[in-house]
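Asker: Given these sequences and hints, build the entire structure.
Just so you know, the protein sequences line up as chains A and B, in that order. Everything in the first sequence is counted per the working numbering, starting at 40 for the first residue and increasing by one. Everything in the second sequence is counted per the working numbering, starting at 40 for the first residue and increasing by one.
Rather than coming from a laboratory, the hints here were simulated on the basis of the structure. Where hints are given, some of them may not hold.
Each pair may be met inside one copy or between any two copies, as identical chains are not told apart.
Claimed, not checked - Cut-off 30 Å, straight-line C-alpha distance, at most; resulting in silico cross-link-like pairs (DSS-like, lysine-lysine):
(1) K331 to K73
(2) K229 to K243
(3) K154 to K268
(4) K140 to K331
(5) K243 to K331
(6) K180 to K156
Protein chains: 2
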Amino acid sequence: MVNQLIELSMHQTVAAIDIGGTNTKIGIVDIDGKILAKDTVLTTDFPDPKDLVTAVSEKVSRLLNSGLGTNNSELKGIGIGAPNGNYFSGTIEFAPNLKWKGIIPLAGYFEDALKVKAVLTNDANAAAFGEMYFGGAKGVKDFIFITLGTGLGSGIVANGQMVYGHDGFAGELGHIIVMQHGRQCGCGRKGCLEQYCSATGIVKTYFEIIRSSDPEAFNSIDRDIVNAKYIYEKALGGDENAFYAFNYTGEMLGLALANSVAYTSPEAIFLFGGLAQAGELLFNPTILSFEKNLLNIYRDKIKILPSSLPENEAPILGAASLIWNELSLNP
Amino acid sequence: MVNQLIELSMHQTVAAIDIGGTNTKIGIVDIDGKILAKDTVLTTDFPDPKDLVTAVSEKVSRLLNSGLGTNNSELKGIGIGAPNGNYFSGTIEFAPNLKWKGIIPLAGYFEDALKVKAVLTNDANAAAFGEMYFGGAKGVKDFIFITLGTGLGSGIVANGQMVYGHDGFAGELGHIIVMQHGRQCGCGRKGCLEQYCSATGIVKTYFEIIRSSDPEAFNSIDRDIVNAKYIYEKALGGDENAFYAFNYTGEMLGLALANSVAYTSPEAIFLFGGLAQAGELLFNPTILSFEKNLLNIYRDKIKILPSSLPENEAPILGAASLIWNELSLNP
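Answerer: Have a look at this one:
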């Protein structure tokens, strides 16, 4: 605690907030990416987003004033990562995974509550900032960051800047159509990348493989217990169907990433999230397919790497680096 | 001539050079995009690129000194558009359509010859600059520029900046793979977009349609006379096969552009080149497929527009705006 006090009295801090469908995480983070204090609220406890802002702001004030940094600590700003977050407007717009409907001006609410600058972007963009500030993308000016969770999220950095697009919604690689008339996606269309390359996607692939290779086994399997982790453990245990499910996922991902290179020609692509933690099982087929499908001028020079952000700290580090980046540009 | 002299004495100028497989075009252009003088040499006359640089530089000096702008004209810089041009290094690298092999430091040669700054990029990027400075993309900070010629070239502008990528080769949308195991591409891979959406691609589509619908007609057709213009005229004349060839091209292009939006979320997409001049025949099916395949958050807000650059002046205006842009950033 004494050390933390000393740290904080030396550094200025930001509040990092990660809005999830279930939990909202809060962190107080210094400019070196040190998380000085953490807390959590249940997002679902707050049918009105203003009430969440009030509760979170109280927690931020309490974290700053109770024990941690009573002296020279100064809250410089607030960074927020949120599903369907729009950087330009500071709003969450029609997020399917949140109960709040319509357009929520969350950054504005936080600025009103805490009287400092608040910046918001979608969670994958925030995590990409985290990789750039505190992870493996330090000094890398052109990279793509991919989150392989329930869905597939992405953040694209070109020439050292996050690509937001004209409306704040750039970088939705989970929804590029990779298979015409392919698997039904939650977005209403068919064949989106995230229906193949995500924790959800690999389960679908695994079921398809079993159903076509052994219909009886398919009927007897307890489908409720099958998730990406289950398939991972099966593959490690020698289950060929599970192994092939990873191969297929990697093939699809490698092709999509090879196509992505033709847009922004990144120096590296970072994979983050549960599925990326499968290590070689995912990376080997992905890299194989990637190199095979690359245009010759790009071959053998783009790295596909696991994110170096700790899985559980990434959302907080991401939101923190988002606001630190903003403060460096517009102090 | 008097008017031109007055113009030139009022403005500073750049030399714009467009390196093509057959012709190299030269223009003297002011900051308003006015082409004050033009000339051409045959690229193929110069097996050694240094000799081309000498010949072109002499022509540039002669244009500036003979009649046009003898008084206050000052050459501020040189902009070069070239196939496989690399902005970062100022080199042409392994261009399949040029006789020069390997890596040619063309911008450096021009700087040595004319003693002003020279900047080089690939021809599609240069044309995208032309659209931004002198065409329909004035004031548009996020757009994609597509050239539909023999192949498909592209330039991507995000946040007001050309996306070059870490190696200078970003924006090769002609080589995204849109059909696994699809048509053979000159790049050595299969299913590249430009095999479907280009003057070459529509001819292949047209032949495929005739072959499957009427094999006898396919055998009797004089294949040497069929090009994109032929198909265009046939379609205007009521030929259903030709009409369907445009429909299919538009469907493929619309899907690819819808996927492109998920990367950089542009405000507009500009189509340039011979095929784009087919007007509604191409634009109608392209826009239909584009809107159908867009993720909902992008729908009804992105314009697909014909380039407003004159076809024959675009390469020169592009190369000119490339160097004007550079001079504005680094005077």
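Asker: Take the hints in turn and mark each one as holding or not.
Answerer: Quick rundown of the hints versus the structure:
1. Taking the closest pair of Cα atoms, K331 and K73 never come within 30 Å of each other, the shortest separation being 40 Å inside a single copy and 46 Å across copies.
2. Taking CA atoms no more than 30 Å apart as the test, K229 paired with K243 passes in both settings, with 14 Å inside one copy and 27 Å between copies.
3. In this homomeric assembly, K154 and K268 never come within 30 Å of each other (Cα to Cα): the closest approach is 43 Å inside a single copy and 63 Å across copies.
4. In this homomeric assembly, K140 and K331 come within 30 Å of each other (Cα to Cα) only across copies, at 25 Å, whereas the closest approach inside a single copy is 43 Å.
5. In this assembly of identical chains, the alpha carbons of K243 and K331 lie at most 30 Å apart whether taken from the same copy (25 Å) or from different copies (25 Å).
6. In this assembly of identical chains, K180 and K156 lie within 30 Å of each other by CA distance both inside one copy and across copies; the values are 26 Å within and 25 Å between.
Checked against the numbered hints above, the structure breaks hints 1, 3 and satisfies the rest.
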